[in-house]
Amino acid sequence: HSESLDLSEFTAGMLNMGLLHTADECRAVFEQMDTDKSGTLELEEFLTIAKGVLPEKRLALVKEAFSALLRPDDRGVASLRVLQDTFCTEHHPDRVTGQRTESQIWEHFQREFSNVATRGRVTLNDFIRFYEGISAVTESDAYFEAVVRKSWNLAGGAGASANVKLFDSKGRSTSVKNSSS
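Position in the sequence shown counted from 1, then plus 1, gives you this note's numbering.
Do not take every clue at face value.
[Said to hold, decoys possible] Quick list of simulated restraints, FRET-style, between CB atoms:
{"hint": "1", "residue 1": "THR98", "residue 2": "PRO73", "range": "22 to 28 angstroms"}
{"hint": "2", "residue 1": "VAL54", "residue 2": "ALA156", "range": "37 to 43 angstroms"}
{"hint": "3", "residue 1": "GLU91", "residue 2": "ALA61", "range": "39 to 45 angstroms"}
{"hint": "4", "residue 1": "THR87", "residue 2": "LEU48", "range": "40 to 46 angstroms"}
{"hint": "5", "residue 1": "LEU125", "residue 2": "CYS89", "range": "29 to 35 angstroms"}
[Unchecked claim] Below 20 angstroms or equal to it, Euclidean Cα-Cα: the simulated EDC-like pairs (lysine to aspartate or glutamate) are:
{"hint": "6", "residue 1": "LYS52", "residue 2": "ASP35"}
{"hint": "7", "residue 1": "LYS58", "residue 2": "ASP142"}
{"hint": "8", "residue 1": "LYS52", "residue 2": "ASP75"}
{"hint": "9", "residue 1": "LYS64", "residue 2": "ASP7"}
{"hint": "10", "residue 1": "LYS38", "residue 2": "GLU140"}
{"hint": "11", "residue 1": "LYS64", "residue 2": "GLU10"}
{"hint": "12", "residue 1": "LYS64", "residue 2": "GLU4"}
{"hint": "13", "residue 1": "LYS38", "residue 2": "GLU57"}
{"hint": "14", "residue 1": "LYS52", "residue 2": "GLU32"}
{"hint": "15", "residue 1": "LYS64", "residue 2": "ASP37"}
{"hint": "16", "residue 1": "LYS52", "residue 2": "ASP127"}
{"hint": "17", "residue 1": "LYS58", "residue 2": "GLU133"}
{"hint": "18", "residue 1": "LYS38", "residue 2": "ASP75"}
{"hint": "19", "residue 1": "LYS58", "residue 2": "GLU140"}
{"hint": "20", "residue 1": "LYS38", "residue 2": "ASP7"}
{"hint": "21", "residue 1": "LYS64", "residue 2": "GLU46"}
{"hint": "22", "residue 1": "LYS58", "residue 2": "GLU113"}
{"hint": "23", "residue 1": "LYS52", "residue 2": "ASP142"}
{"hint": "24", "residue 1": "LYS52", "residue 2": "GLU103"}
{"hint": "25", "residue 1": "LYS38", "residue 2": "ASP86"}
{"hint": "26", "residue 1": "LYS52", "residue 2": "ASP86"}
{"hint": "27", "residue 1": "LYS38", "residue 2": "ASP25"}
Hints listed in this document are in silico derivations from the structure and should not be mistaken for laboratory results.
Just so it is clear, CB atoms sit at the ideal spot from N, CA and C, and this is done for glycine as well.
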């Protein structure tokens, strides 16, 4: 399977699904989405537009999560190793529902971040792009917050997303469910 569409394939798909109504509409949308002007619509070009941007509340949460991953000398770029060491699969929606095993979730996580990481480093923009995809398929802000907070053991939140961050004698942190919420 090709991971790109030409104008005729795009037009046929949009008209058949009833998303657009004329060939001219399809051409106009296609030209806007074809950001590299190659005459084909690559999967990445389509997904970038389809995902949209994170709403302000979700963006603030993603920035909070990324900031929590940074070490003092990281200069705004997190190491892929820190992400791997911090990421918690226990509350991952696919694990909870039994759709994926813990090892499958890890493989997916590593593949996703390896694709965006340059030389084992992940920028804030990389992290945001990752969560734009999750946000696009997550309707509830509360659920999105719970997923992000539990994935990275972030303190704070309310209700299902509430966690408390604790520190041991060596300064290592862990989060536990806040039973008072």
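We went through each hint and held it up to the structure:
1. THR98 x PRO73: 22 to 28 angstroms: violated, 38 angstroms
2. VAL54 x ALA156: 37 to 43 angstroms: violated, 26 angstroms
3. GLU91 x ALA61: 39 to 45 angstroms: violated, 24 angstroms
4. THR87 x LEU48: 40 to 46 angstroms: Roughly 26 angstroms apart at Cβ, these two residues miss the hinted range, so it is violated.
5. LEU125 x CYS89: 29 to 35 angstroms: violated, 20 angstroms
6. LYS52 x ASP35: holds, 15 angstroms
7. LYS58 x ASP142: holds, 8 angstroms
8. LYS52 x ASP75: Violated: LYS52 and ASP75 sit about 29 angstroms apart, past 20 angstroms.
9. LYS64 x ASP7: Between LYS64 and ASP7 the Cα gap is close to 36 angstroms, so the pair fails against 20 angstroms, i.e. violated.
10. LYS38 x GLU140: violated, 32 angstroms
11. LYS64 x GLU10: Distance of about 38 angstroms is beyond 20 angstroms: violated.
12. LYS64 x GLU4: Outside the cut-off at roughly 31 angstroms; violated.
13. LYS38 x GLU57: This hinted pair is violated, its Cα atoms lying about 30 angstroms apart.
14. LYS52 x GLU32: holds, 18 angstroms
15. LYS64 x ASP37: violated, 29 angstroms
16. LYS52 x ASP127: Distance ~14 angstroms between LYS52 and ASP127 Cα, so the pair holds.
17. LYS58 x GLU133: Satisfied, since the Cα-Cα distance of roughly 13 angstroms is no more than 20 angstroms.
18. LYS38 x ASP75: violated, 36 angstroms
19. LYS58 x GLU140: This hinted pair holds, its Cα atoms lying about 13 angstroms apart.
20. LYS38 x ASP7: holds, 11 angstroms
21. LYS64 x GLU46: Violated, at about 24 angstroms.
22. LYS58 x GLU113: Distance ~23 angstroms between LYS58 and GLU113 Cα, so the pair is violated.
23. LYS52 x ASP142: Roughly 16 angstroms between the alpha carbons, so the hint for LYS52 and ASP142 holds.
24. LYS52 x GLU103: violated, 26 angstroms
25. LYS38 x ASP86: violated, 40 angstroms
26. LYS52 x ASP86: violated, 27 angstroms
27. LYS38 x ASP25: Cα-Cα ~17 angstroms, so holds.
This entry does not satisfy hints 1, 2, 3, 4, 5, 8, 9, 10, 11, 12, 13, 15, 18, 21, 22, 24, 25, 26, going by the numbered hints stated previously.
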